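Guided by the hints, dock chain B onto chain A, whose structure is given.
Chains as they are written, first to last, in my numbering: chain A, 1 to 408; chain B, 1 to 723.
Rather than coming from a laboratory, the hints here were simulated on the basis of the structure. Treat each hint with caution, since some may be false.
Below, in silico cross-link-like pairs of lysine to aspartate or glutamate (DMTMM-like), each with a Cα-Cα straight-line distance of 25 Å or less [unchecked claim]:
1) A:Lys157 x B:Asp281
2) B:Lys614 x A:Asp68
3) A:Lys115 x B:Asp233
4) B:Lys667 x A:Asp68
5) A:Lys154 x B:Asp233
6) A:Lys157 x B:Asp665
7) A:Lys115 x B:Asp665
8) A:Lys201 x B:Glu394
9) B:Lys614 x A:Asp374
10) B:Lys510 x A:Asp374
11) B:Lys328 x A:Glu161
If you want the ones that stay clear, here's a sample from chain B, every Cβ over 12 Å from chain A, calculated [stated by the list, open to error]:
12) His240
13) Trp258
14) Leu266
15) His272
16) Thr294
17) Leu296
18) Ile532
19) Tyr570
20) Phe601
21) Thr611
22) Tyr656
23) Glu659
24) Arg666
25) Phe689
As the structure is a computational prediction, the values presented were derived from the model and not from experiment. Where a beta carbon is used, it is the ideal one built from N, C-alpha and C, also for glycine.
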Amino acid sequence: MNKHLLFSAFALMCCLTACEKNDDPTPAPQPSSIGGTLVMATTVLNPSGNSGSCYVQTLTDTADVSIDNNRAIPGGFGNPFTVQGKNVYIFPDYMGQSKAALQRFVIDANHQLVKAGEMMLPAGSAASQVIEVNDHTAYVSCQNLGKVLVFDFKQMKQTGEIDLNSLSGAGVRVGPSCMIVRDGKVFIALSQFNAQWMPAKNSIEFAMVDAQTNRLEKHIKNESLGLAFPTRPIDSGTLFMDEKGDIYFACIGSFGLVPGINAGFARIKKGETDIDPTYSIRLDQTNIEGLNIKADNVASLKYAGNGIAYGHVSSNALDPSATANPYSAKTSVAVAVDLYHKTITAIKGIPVSSPHGLAVTKYNDIIIFGCSSDNATGFFYYDTKTKRARGPVIKTAGNPMHIEYIKD
Amino acid sequence: MYILHNRLSLLSLLLLASLATMAQTTTTNAATTKRDSLKPQKHIGDETILLQGITVMGRNEARQLRESGMPVSVMTSKELQGTASSMNDVLARVAGVTIRNTGGVGSASRLSVRGLEGKRLGLFVDETAMNQFSNFITLNDIPTDMIARIEIYKGIVPYKFGGSALGGAINVVTKEYPPIYFDASYEIGSFNTHRLNTVFKRTYAPSGLQFGMGGFFTYSANNYYMTLHNLGDLRVRRNHDAFRKGVIAGSIKATKWWFDELKAELIYTATHQQLQGIDLDVREAYTHSQAIATSLKAKRETFFIDGLAFDFEAAFDIGNYGVSDYAKTVYDWFGNSRPSQSPLGGETSTHPYDGHNKNLDGTGKLNLNYTINRHHSLNLNLYEAYTKLKPHDELMDAAYGFRTQFDSYMNSLTAGLSYDLLLFRDRFQSAFTLRSYHYHSSTEQLPSFYVPTPEQVRVTKHSFGWNESMRYRLTPELMFKASYSDEMRIPSDEELVGNGYSILPSPTLKPEHVRSCNLGTLYRRTLKTDGIFEAEVNGFYTHLTDMIRYTPSMVPTLAQYVNVGETTTYGIEGEVKWDVLPWLYTYVNATYQNLRDTQRFTEGSTVPNPTYRKRIPNIPYLLGNAGIECHRENLIGKRSNTRFLIDASYVHQYFYDYEMTIYQDRKIPTAITFDTALEHSMMNQTLTFSLKIKNVLNREVVSELNHPLPGRYVAFKVRYLLH
Numbered sequence: 001m002n003k004h005l006l007f008s009a010f011a012l013m014c015c016l017t018a019c020e021k022n023d024d025p026t027p028a029p030q031p032s033s034i035g036g037t038l039v040m041a042t043t044v045l046n047p048s049g050n051s052g053s054c055y056v057q058t059l060t061d062t063a064d065v066s067i068d069n070n071r072a073i074p075g076g077f078g079n080p081f082t083v084q085g086k087n088v089y090i091f092p093d094y095m096g097q098s099k100a101a102l103q104r105f106v107i108d109a110n111h112q113l114v115k116a117g118e119m120m121l122p123a124g125s126a127a128s129q130v131i132e133v134n135d136h137t138a139y140v141s142c143q144n145l146g147k148v149l150v151f152d153f154k155q156m157k158q159t160g161e162i163d164l165n166s167l168s169g170a171g172v173r174v175g176p177s178c179m180i181v182r183d184g185k186v187f188i189a190l191s192q193f194n195a196q197w198m199p200a201k202n203s204i205e206f207a208m209v210d211a212q213t214n215r216l217e218k219h220i221k222n223e224s225l226g227l228a229f230p231t232r233p234i235d236s237g238t239l240f241m242d243e244k245g246d247i248y249f250a251c252i253g254s255f256g257l258v259p260g261i262n263a264g265f266a267r268i269k270k271g272e273t274d275i276d277p278t279y280s281i282r283l284d285q286t287n288i289e290g291l292n293i294k295a296d297n298v299a300s301l302k303y304a305g306n307g308i309a310y311g312h313v314s315s316n317a318l319d320p321s322a323t324a325n326p327y328s329a330k331t332s333v334a335v336a337v338d339l340y341h342k343t344i345t346a347i348k349g350i351p352v353s354s355p356h357g358l359a360v361t362k363y364n365d366i367i368i369f370g371c372s373s374d375n376a377t378g379f380f381y382y383d384t385k386t387k388r389a390r391g392p393v394i395k396t397a398g399n400p401m402h403i404e405y406i407k408d
Numbered sequence: 001m002y003i004l005h006n007r008l009s010l011l012s013l014l015l016l017a018s019l020a021t022m023a024q025t026t027t028t029n030a031a032t033t034k035r036d037s038l039k040p041q042k043h044i045g046d047e048t049i050l051l052q053g054i055t056v057m058g059r060n061e062a063r064q065l066r067e068s069g070m071p072v073s074v075m076t077s078k079e080l081q082g083t084a085s086s087m088n089d090v091l092a093r094v095a096g097v098t099i100r101n102t103g104g105v106g107s108a109s110r111l112s113v114r115g116l117e118g119k120r121l122g123l124f125v126d127e128t129a130m131n132q133f134s135n136f137i138t139l140n141d142i143p144t145d146m147i148a149r150i151e152i153y154k155g156i157v158p159y160k161f162g163g164s165a166l167g168g169a170i171n172v173v174t175k176e177y178p179p180i181y182f183d184a185s186y187e188i189g190s191f192n193t194h195r196l197n198t199v200f201k202r203t204y205a206p207s208g209l210q211f212g213m214g215g216f217f218t219y220s221a222n223n224y225y226m227t228l229h230n231l232g233d234l235r236v237r238r239n240h241d242a243f244r245k246g247v248i249a250g251s252i253k254a255t256k257w258w259f260d261e262l263k264a265e266l267i268y269t270a271t272h273q274q275l276q277g278i279d280l281d282v283r284e285a286y287t288h289s290q291a292i293a294t295s296l297k298a299k300r301e302t303f304f305i306d307g308l309a310f311d312f313e314a315a316f317d318i319g320n321y322g323v324s325d326y327a328k329t330v331y332d333w334f335g336n337s338r339p340s341q342s343p344l345g346g347e348t349s350t351h352p353y354d355g356h357n358k359n360l361d362g363t364g365k366l367n368l369n370y371t372i373n374r375h376h377s378l379n380l381n382l383y384e385a386y387t388k389l390k391p392h393d394e395l396m397d398a399a400y401g402f403r404t405q406f407d408s409y410m411n412s413l414t415a416g417l418s419y420d421l422l423l424f425r426d427r428f429q430s431a432f433t434l435r436s437y438h439y440h441s442s443t444e445q446l447p448s449f450y451v452p453t454p455e456q457v458r459v460t461k462h463s464f465g466w467n468e469s470m471r472y473r474l475t476p477e478l479m480f481k482a483s484y485s486d487e488m489r490i491p492s493d494e495e496l497v498g499n500g501y502s503i504l505p506s507p508t509l510k511p512e513h514v515r516s517c518n519l520g521t522l523y524r525r526t527l528k529t530d531g532i533f534e535a536e537v538n539g540f541y542t543h544l545t546d547m548i549r550y551t552p553s554m555v556p557t558l559a560q561y562v563n564v565g566e567t568t569t570y571g572i573e574g575e576v577k578w579d580v581l582p583w584l585y586t587y588v589n590a591t592y593q594n595l596r597d598t599q600r601f602t603e604g605s606t607v608p609n610p611t612y613r614k615r616i617p618n619i620p621y622l623l624g625n626a627g628i629e630c631h632r633e634n635l636i637g638k639r640s641n642t643r644f645l646i647d648a649s650y651v652h653q654y655f656y657d658y659e660m661t662i663y664q665d666r667k668i669p670t671a672i673t674f675d676t677a678l679e680h681s682m683m684n685q686t687l688t689f690s691l692k693i694k695n696v697l698n699r700e701v702v703s704e705l706n707h708p709l710p711g712r713y714v715a716f717k718v719r720y721l722l723h
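The following block holds chain A by itself, in its conformation from the complex (with noise of 0.2 Å):
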């Protein structure tokens, strides 16, 4: 009877545990030696060459270590989040092989990432920039649909969207970028691209639209710089504010590969509406210190203060497969960009990577560059006061993409 007893309770533990199908575990709470969390994604390519995965997940620590990405939150393939404080919004794929929902997560006190609600997003959108314009309204900027969504991010409904399409130029289309808010007004660069998804001419262009009425009030043109396509949309670090209240951004051009349409850095000043026609960095004047030869386009950025950005600028004098392999050929150098002195500087120690490791982020004194070079796949660290970079310390299964810190 013992028996029988025991069996029984043997068996019932066995179809009580044995049949968890772990859908949605609880994280093991990890302790954070960094003050903050490190908040990253890596890609993994499909056998079937077209689509592949993200992988969103959460770091607390700077040591050496390897990290898989058996605990990653999917995300979108092509653009997988950006940060607003201490929200992550993490996007569908930007070519809609997935639920067209846009997520947003919070940081835990565990460090963890807990979802905290989804917007559907109309399919197709190509989501590619958030950008929080007060304490519950945030915009969301939609490539593929020529508008800006406006939502409420506590609740992730969308209340109104700001149509641009009327801002396309001749023969190409208008797809909004990244967003920054300054004095009340949110300045929204924009993609004008034609079939092949590049600019027809030089023209730095960014509408400007009113945060408390959602209006667009201007359309900010510039045709004098020389430089065409304002910020990477995927990139949210391509754009940004210094402490003079300066905006800087990063213009992609057309990846070097259209002759005469370039790359390079410009500005608005504190105080204007208008871009600074007196000022700009054009790559294909401007050499890269160390390595002798000039950038076709500006990857990744990230503004580290006095004037300093790093990132990786892309040159296709690097890999002689750049045009015909261009997502696997390495030409992607970490630099420092110096806004202020106008010059482009190569950061020795970080290896060429592919387009597929431009992460860039700032933690206290170090920089975090993604690399997927021939030889390692992971995160380097530069260590700005020593100038010295080291790794990869972060060696990841995937390419890294993306990386952000979120300060406690």
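Chain B only, in chain A's frame:
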């Protein structure tokens, strides 16, 4: 892995060498017969064959194929009829075969055998290769009423078929016809589906001439409801997926001329299919194609020399096809609209299409089989395929501002030399094939889509491969079989030269390389009731390198193929077929196939591959089928037959992406579906009525993650057969 390959190769070679030595000592004065290991013998009735005046008791063709050394599944006409409306329905029931449709009638589908799919498979109709003509006609177009049986070869492609398919082959054998034969059927089904098929054959016995005409027309609105999980489980009705296809064909066959068989065919086909949007509400885009194809076959059992059999065929088609997509407004499912990406239009892409691409395809096959004696025979097979593509899309070029696609051609030649061996009173059979692959392609290619000046690219490549298959019959009922192959697959014309619109040329592609082996056993017993009991188990292993993969280009909606990756598959499949009672037949099969990424480092680097040893996603790995068939003669009236069938299919949940995280959410859920049919034939099968219900329980089934398949489908079919 490398050591295992070498050992397998060595083992096969040793076996072959020892057997060849034994063969030299056997008696060779027996009557000369042709013993192509897989070639069906001409049969009189079901069980008796006539060979050079000697009547011997034989096996029927299906059984003979099953018992050959190569792993092959055969679906007889008995299994073809019933719940199936198309070839895909039939093939989906075979162990180790998966069919993944992307929609309703006429939709694109992916066929795979043991996980190897698409272009790696050889597709044949009466041993004529179809891959070359896939722009215009597919296996799924062939009406099931015309089919005598389907042979599914797994792992190794029979040498007589020629070509360079790797993963296996499917050969559809059409019916042999009596002197006068007329077959017409019409099926009407859900989603406004109509299928009309007709075949007429007339044979004049004195002259040996047979004339045939036939054709079919298929139309479906495919307007079934679907749930869009990417859009918050929105439920909508498909509204732009109408498919129509018409084929007419004529043939003339002579059987009393110098050739034992000389046959010429002419086929015209036209297809029009709307493009159904899934994420977006596509309203205007469609594809179109039309082609004329012709073929000539000639066979002679004694070709000048006693023992030399000749088999030749040539096929040629000329066609045009393209995508038409120039709507200037794009809609979503909520009725919102926006301008197309290109000012010139395009709902499905960033640019418009108005393609009128022309292509010429040709294939030629020569098979010479020489029977040395009772134990030995040699076979030479030459297979040549030629494609010339002339893309033309002014609208797409206008959107880009320069010409985007260029004329191209490719030519491939595969030569196979085979040796057949039969020993120990035919208990042991072996077939060894050595193959040579050669191909050449030429095209112009843009260095990138941002450089308007094309470069001329010419590529010539050559390589070798071999395979060995054998079987041993332990008792009349029980046999064992084994096969090993180390072969190449020549890139297809689409992979090498593109398709003229969405796929760019990749003229520098290398052939894919596969090593595979199969071990299996078959038990087959004829029951006292004239029924059969058959059980078969096969284990298999495949290692694929230089995998040809589809990869996006810089322009988001264009793609091209590249050589990337390495996979290893091992698996097991089993099947039981049993005539339980004189009126009850049942079958069940199951397949487990474990495909793993075995590329240790990411391409061209020393960086560990993050998906090393992970399961290859988007391919089912556990699946099975089962069914029963009850039949009763003269249940309702004399000379009538009534059948009731149920088929069940199970596909276990699998992932769309690599399984990297416990939070993986993109998965294709487990699908269990049931199909059923009630069929009644009368007047000795002159009239047959069928009622079919597919997906009886109206389960939601998806494929390829985001492609909802039809729910319950009800069809009624009437067939008139004059024979």
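Against the structure, the hints come out as follows:
1. Restraint check: the Cα-Cα separation between A:Lys157 and B:Asp281 comes to about 23 Å, which is no more than 25 Å; the hinted pair holds.
2. Note on B:Lys614 and A:Asp68: the hinted pairing holds, with a Cα-Cα distance of about 13 Å set against a maximum of 25 Å.
3. A distance of roughly 20 Å separates the Cα atoms of A:Lys115 and B:Asp233; the hinted pair therefore holds under the 25 Å criterion.
4. Between B:Lys667 and A:Asp68 the CA atoms are separated by roughly 20 Å; this keeps the pair inside 25 Å, and the hint holds.
5. Restraint check: the Cα-Cα separation between A:Lys154 and B:Asp233 comes to about 23 Å, which is no more than 25 Å; the hinted pair holds.
6. The hinted pair formed by A:Lys157 and B:Asp665 meets the criterion: a straight-line CA distance of about 23 Å does not exceed 25 Å.
7. Annotation: proposed proximity of A:Lys115 to B:Asp665 holds, straight-line Cα distance about 14 Å (limit 25 Å).
8. With a C-alpha separation of about 23 Å, the suggested pairing of A:Lys201 with B:Glu394 holds against the 25 Å cut-off.
9. The straight-line distance between the Cα atoms of B:Lys614 and A:Asp374 is roughly 21 Å, inside the 25 Å bound, and the hint therefore holds.
10. For the hint pairing B:Lys510 with A:Asp374, the CA-to-CA distance comes to about 22 Å; that is within 25 Å, so the pair holds.
11. For the given pair, B:Lys328 sits about 22 Å from A:Glu161 by alpha-carbon distance, which is consistent with the 25 Å threshold.
12. With a minimum CB-CB distance of about 15 Å to chain A, B:His240 clears the 12 Å threshold, and the non-interface call stands.
13. Every C-beta of chain A lies more than 12 Å from that of B:Trp258, the closest at about 51 Å, which supports listing it as non-interface.
14. With a least CB separation of 38 Å from chain A, B:Leu266 remains clear of the 12 Å interface cut-off, as annotated.
15. B:His272, annotated as away from the interface, keeps every beta carbon of chain A farther than 12 Å; the closest lies near 25 Å.
16. Even its closest Cβ contact with chain A, about 36 Å, leaves B:Thr294 beyond 12 Å, as expected for a residue assigned away from the interface.
17. Every C-beta of chain A lies more than 12 Å from that of B:Leu296, the closest at about 39 Å, which supports listing it as non-interface.
18. No beta-carbon of chain A is positioned within 12 Å of the beta-carbon of B:Ile532; the least distance is around 40 Å.
19. With a least beta-carbon separation of about 17 Å from chain A, B:Tyr570 lies farther than 12 Å from that chain, consistent with its non-interface assignment.
20. Listed as a non-interface residue, B:Phe601 fails to keep its Cβ farther than 12 Å from every Cβ of chain A; the least gap is roughly 9 Å.
21. Not every beta carbon of chain A lies more than 12 Å from that of B:Thr611, the smallest distance being close to 6 Å; the non-interface claim is violated.
22. With a least beta-carbon separation of about 8 Å from chain A, B:Tyr656 fails to lie farther than 12 Å from that chain, contradicting its non-interface assignment.
23. A beta-carbon of chain A is positioned within 12 Å of the beta-carbon of B:Glu659; the least distance is around 10 Å.
24. Listed as outside the interface, B:Arg666 is inconsistent with that label: its C-beta sits roughly 7 Å from the nearest C-beta of chain A, within the 12 Å cut-off.
25. For B:Phe689, the shortest C-beta to C-beta distance to chain A comes to about 43 Å, beyond the 12 Å cut-off, and the non-interface label holds.
Checked against the numbered hints given earlier, the structure breaks hints 20, 21, 22, 23 and 24 and satisfies all the rest.
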